Amino acid sequence: MQGRGGSTGLLLAAGAGRRYGMPKILVPGWLEHSVAALREGGCGPVYVVTGAARPNLPDGAREIHCEDWFRGIGVSLHCGLANIGENPERVVIHLVDYPDIGPAVVSRVLQSSGDELARAVFNGRPGHPVSVPRCHLAALTKSIQHQDGAGPYLRAHPTVAVECGDLASGQDVDTQESIHD
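Number 96 in the working numbering belongs to position 96 of the sequence shown; there are no gaps in the numbering.
Please keep in mind that the hints were generated in silico from the structure rather than gathered at the bench. Heads up, some of the hints might be wrong.
Unchecked claim - Label pairs and their in silico Cβ distance ranges: (1) Ala-139 to Arg-54: 29 to 35 Å; (2) His-157 to Asp-68: 24 to 30 Å; (3) Pro-152 to Gly-124: 17 to 23 Å; (4) Pro-58 to Ala-138: 28 to 34 Å; (5) Asp-174 to Gly-124: 16 to 22 Å; (6) Asp-172 to Pro-28: 14 to 20 Å.
Only a predicted model underlies this, so the values are computations on that prediction, with no experimental measurement involved. We put the CB at the ideal spot given by N, CA and C, even for glycine.
Let's have the full structure, built from the sequences with the hints guiding it.
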């Protein structure tokens with residue numbers, strides 16, 4: 001399946017989830033939900049960057065294993081971007097620990113992005129997913145540092161803020177207690 005305009009989904013799910021108590025890729029339902037959000041939101045293919053854990057992936061999802069995942073989210077993002085193996089029109093970057101992000105959020109970000117950088121915001125607070133058009137992929141990949149993801153690059157370049165607070169909370173779940181907050 002090809003996504004809208006050649007959109008490729010990239011799900012970062014390599015971390016150990018130390019604060020959560022387990023790798024978040026192993027939390028029941030999160031991996032499947034995140035892959036479905038990307039796919040049903042308009043991405044195809046969907047890649048999952050694994051690291052600390054390597055579970056079976058949902059049908060149709062493709063694994064990119066990051067050997068150096070423990071060095072930081074930037075390493076996982078760089079690994080994913082460097083190993084997509086295609087020339088997508090855009091890459092939609094999402095994180096497995098945003099369990100309330102569904103296809104409607106992904107679709108809205110894609111529809112709003114065009115040839116510009118775009119990211120979901122929730123009541124004005126930046127979040128995920130992030131849409132990166134082809135013209136930014138090489139520069140973003142080159143700019144990534146070990147501990148930082150795409151944030152520094154996004155802050156340094158014009159980025160379309162796509163309000164999605166009516167669709168989801170955009171809450172990054174770092175601990176099991178934060179699920180109930």
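Inset, instruction - Go through the numbered hints given earlier and state which of them the structure violates, listing their numbers in rising order. - result: The structure breaks none of the hints.
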